[in-house]
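K.L.:
Hey, can you work out the whole structure from these sequences and the hints?
One letter stands for each residue in the lines below.
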Amino acid sequence: MTTPLNPRYRFESFVVGAANRLAATAARAVSESPGAVYNPLFIYGGSGLGKTHLQMAVGHAAAAINPNLRVEYLTLDDFVETFHAAIAAGQGDAYRRRFTEVDLLLLDDVQFLTHRREMQAELLRVTNAMLSAGRQIVLTSDRAPSEIEALDERLIQRFAGGLVIDIAPPDFETRIAILRRQAEDRGTTFAPSVLETVAGMGHVSVRELIGALNRLVALQAVNEAPLDPQQALAVLGQPTRPATPSTAVPSLAAQAAPVPSGDEFGSFLNEVSMAVGQQVEAWRARVAEAMQAWEGEGYRVQRLVNLLNQETPVDPESVLREFVGDIERLKLLEAEAAELEPALAGNSVFRDPDSVEAAQKQVDQARQGTLPPPGPSQHWLLADLAEGSGTRLALRAIRDVVARPGAAYNPVVFVGEPGVGKTHFLHALGNELAARPDAVVACLETSDFTDELIKAIEKDRVNWWRARYRRVTALLLDDIQLLAGKERTQEELFWLFNLLVESGRQLAFTCVSPLAELKGIETRLLTRLEGGLVVELPSPDREVRLAVVHRMIGAGADPAETEALATYLAGRAVDSVRALQGLVQRVLNAAEAQQIAPSAALARRILEGAPAAAPRRSIGTRASGVVTPLAGIKSREKVVWDWPDSVDRMIEELR
Amino acid sequence: MSLVNFTTREITCKIVYYGPGRSGKTTNLHYIYGRVPESRRGRMVSLATQTDRTLFFDFLPLDLGVISGFTTRFQLYTVPGQVYYNATRKLVLQGTDGVVFVADSQARRQDDNLESLQNLQQNLLQQGADVRQFPVVLQYNKQDLPRDLILTTEELDDTLNFRDLKSFPADAIRGTGVFETLRSVSELVLKRLAAGGTVG
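Order-wise, the sequence lines are chains Z and V. The numbering of the first sequence is my numbering, which starts it at 1 and goes up by one. The numbering of the second sequence is my numbering, which starts it at 1 and goes up by one.
It should be emphasised that the hints constitute simulated quantities derived from the structure, not laboratory data. Using N, Cα and C, we set each Cβ at its ideal position, and we do this for glycine too. Don't take every hint at face value.
Here are the simulated distance ranges between beta carbons [as the list claims (entries may be wrong)]:
#1 37(V) x 25(Z): 21 to 31 Å
#2 346(Z) x 122(V): 56 to 66 Å
#3 22(Z) x 133(V): 39 to 49 Å
#4 10(V) x 121(Z): 52 to 62 Å
#5 314(Z) x 162(V): 41 to 51 Å
#6 186(Z) x 146(V): 54 to 64 Å
#7 10(V) x 364(Z): 33 to 43 Å
#8 97(Z) x 8(V): 54 to 64 Å
#9 87(V) x 313(Z): 42 to 52 Å
#10 312(Z) x 133(V): 22 to 32 Å
#11 162(V) x 295(Z): 46 to 56 Å
#12 122(V) x 12(Z): 51 to 61 Å
#13 25(Z) x 131(V): 46 to 56 Å
P.N.:
What follows is the structure, given as structure tokens:
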């Protein structure tokens with residue numbers, strides 16, 4: 001029995017003041033690295049001061065950072081009830097196992113442990129197990145551990161071993177901030193000083209405060225005129241006072257007047273607040289309030305200080321807007337920097353709105369510091385692709401995509417048998433896209449993509465890995481069928497896919513078999529692939545074969561002989577470009593070995609005269625990679641992946 | 001001392017309780033001290049002789065929190081009432097934003113009231129303040145004493161309130177009129193926020 005986290009209880013909606021700053025900071029630290037700092041974190045304080053809010057905020061924030069984190073929130077009552085139920089059902093062990101699987105345990109209201117010896121023992125066991133496994137516990141209580149009656153000394157020590165921290169009732173300013181935020185959330189605006197009046201009424205708990213506000217919101221909704229502070233006091237059941245003291249009250253009346261009672265200081269404070277509110281120019285108040293808020297978050301506010309010091313600034317509002325804009329930018333930069341380089345989080349440069357440029361530079365450096373994702377190979381260019389009836393559609397698709405990346409067809413999937421040139425098409429597309437200004441094109445084997453993810457998980461740098469791919473302008477993955485069974489990669493790719501498509505960035509894939517025949521790939525991913533343009537690459541036709549052969553043998557000394565050779569080679573029965581390239585390469589190698597010009601006769605002799613033991617990589621039905629007359633195999637990683645057996649692997653390593 | 005400091009975003013109001021010896025200035029401060037939540041008040045500094053006469057001055061800082069983005073503080077001072085401490089009074093009056101003149105309602109103290117009021121005017125003038133504009137309120141203290149000993153507020157107004165200032169009958173020991181007086185002077189002081197009307 002787990003209570004779901006209240007979606008409203010997040011750090012963003014938690015108003016931080018002097019009374020809870022320490023607790024909020026500690027909670028944030030815990031949510032950012034559960035189990036690493038302050039374990040266990042014990043928050044205590046009176047009812048309605050925000051303990052549960054903070055606790056759930058830890059759960060939300062931690063889950064946002066690491067979606068795979070198992071977070072469990074339960075009150076002590078839940079804890080006890082499930083324990084009893086488990087014992088009754090004879091499943092005590094299952095109950096115990098359950099908590100060993102939780103990464104972040106949020107246990108509320110532990111003060112009810114009083115006099116429950118067996119539950120204390122159980123919690124001690126859970127606490128020990130979780131602490132030793134480095135899993136985080138966050139507990140709340142309405143009193144300090146040492147004040148919980150009859151609490152096991154060992155538990156007190158465990159709690160003290162982490163961080164025990166209290167939340168005090170909010171001070172006046174925090175109460176105002178809470179009221180303002182609540183009023184804003186409800187879309188209600190109050191007349192000046194109304195909220196100050198409510199805050200000055202001395203409600204101790206935030207719940208009471210919000211209750212009071214709710215009454216005012218309800219009343220204001222049915223009232224035609226906005227409530228004034230006096231009415232607010234009346235609604236909330238506080239005696240109102242005459243707004244201004246009359247001059248020279250007769251002395252008899254003075255003698256008859258009862259001795260003052262009630263909160264004299266509170267009403268004095270209200271009047272001062274009102275007077276200040278009336279006297280301070282509106283823009284000054286706004287600027288000063290903004291300064292207070294941003295300063296509270298640790299930002300430098302020198303620009304606003306200068307503004308306040310001016311007698312009559314030209315346009316204070318626009319200065320304020322600009323300032324806030326700069327802070328927003330800093331926040332974005334900081335978020336990016338933290339993803340790229342966790343050590344940069346909290347750097348002071350992200351706290352000074354006057355140094356946005358410097359912050360930008362930091363992020364740029366961080367960007368450069370991270371390796372860009374692997375790009376397309378320079379050896380596979382669009383210009384080298386032979387056009388034929390079979391490849392025309394694919395070439396057309398590439399040109400369209402290059403003209404309008406992300407908009408024409410997204411994604412593009414090249415489907416075809418091994419060796420028909422899918423990889424070449426993919427990299428050619430990548431090279432064309434990479435030629436655009438500011439392009440970051442990731443073009444790699446699906447297996448490499450998976451490997452990178454595994455390494456990132458291993459080193460706990462998944463966020464960094466994600467950031468790396470999230471900033472690409474195009475993502476091209478070769479051999480997408482290799483995703484089969486790689487659930488995590490599929491999930492990551494799914495989210496990445498959505499993100500990239502939504503922001504208009506291009507995706508392209510290759511696949512050896514028609515998408516409908518793929519096994520072990522999630523439907524949600526498959527349907528997305530099918531939603532783009534699927535181009536089938538057939539076996540090369542004669543036109544293409546001729547073009548490939550011509551490119552490989554080049555222009556010989558004797559054009560007629562070259563033509564005869566080309567015609568012969570292109571006429572060979574092959575089912576892939578790669579196989580054809582293998583044939584041509586064999587002829588060229590033989591010609592080079594015999595130091596004669598390649599000819600049709602030589603080719604016939606080589607290819608039809610029973611070649612005994614040609615090296616596999618050059619006939620290569622398995623060895624993929626493009627073979628060129630001069631440089632041999634160019635794509636080393638391709639070769640490594642496709643070596644069929646260990647003998648070949650050894651040769652590769654020796655090379 | 002300026003009332004508003006934009007750099008530190010602070011509003012600091014210095015209010016001085018003035019008046020003849022034994023009129024109840026320190027009693028005013030004590031009453032206020034007792035009514036202010038602990039978190040809002042500083043330590044009350046009181047330099048008194050063995051017979052509870054203010055020797056130098058009393059000082060009560062009040063922290064009103066952040067209002068419209070400005071940290072607002074009130075500093076309440078009293079001056080020693082006895083005639084021969086004029087140098088101290090001048091010192092305390094420096095930089096003040098408003099004055100509460102605490103008069104003793106007893107008929108036999110009328111001359112002391114007048115003398116002290118004249119002394120206040122003199123000292124304000126010396127510090128370059130415009131006494132016609134300066135925020136001053138009157139408090140007629142000890143209105144709880146038997147009728148035959150004290151003057152009514154009308155009679156006191158006749159003698160002391162020739163500038164038509166706001167005046168409040170008070171019983172500082174029980175607190176009657178104490179906060180009314182403070183509120184009134186605060187209001188006057190804060191109205192002058194923009195004008196920046198501080199002595200000295």
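K.L.:
It remains to establish, for every hint, whether it holds in the given structure.
P.N.:
Evaluated hints:
no. : hint                        : in the structure
1   : 37(V) x 25(Z): 21 to 31 Å   : holds (26 Å)
2   : 346(Z) x 122(V): 56 to 66 Å : holds (59 Å)
3   : 22(Z) x 133(V): 39 to 49 Å  : holds (47 Å)
4   : 10(V) x 121(Z): 52 to 62 Å  : holds (55 Å)
5   : 314(Z) x 162(V): 41 to 51 Å : holds (46 Å)
6   : 186(Z) x 146(V): 54 to 64 Å : holds (57 Å)
7   : 10(V) x 364(Z): 33 to 43 Å  : holds (40 Å)
8   : 97(Z) x 8(V): 54 to 64 Å    : holds (58 Å)
9   : 87(V) x 313(Z): 42 to 52 Å  : holds (43 Å)
10  : 312(Z) x 133(V): 22 to 32 Å : holds (23 Å)
11  : 162(V) x 295(Z): 46 to 56 Å : holds (48 Å)
12  : 122(V) x 12(Z): 51 to 61 Å  : holds (60 Å)
13  : 25(Z) x 131(V): 46 to 56 Å  : holds (52 Å)
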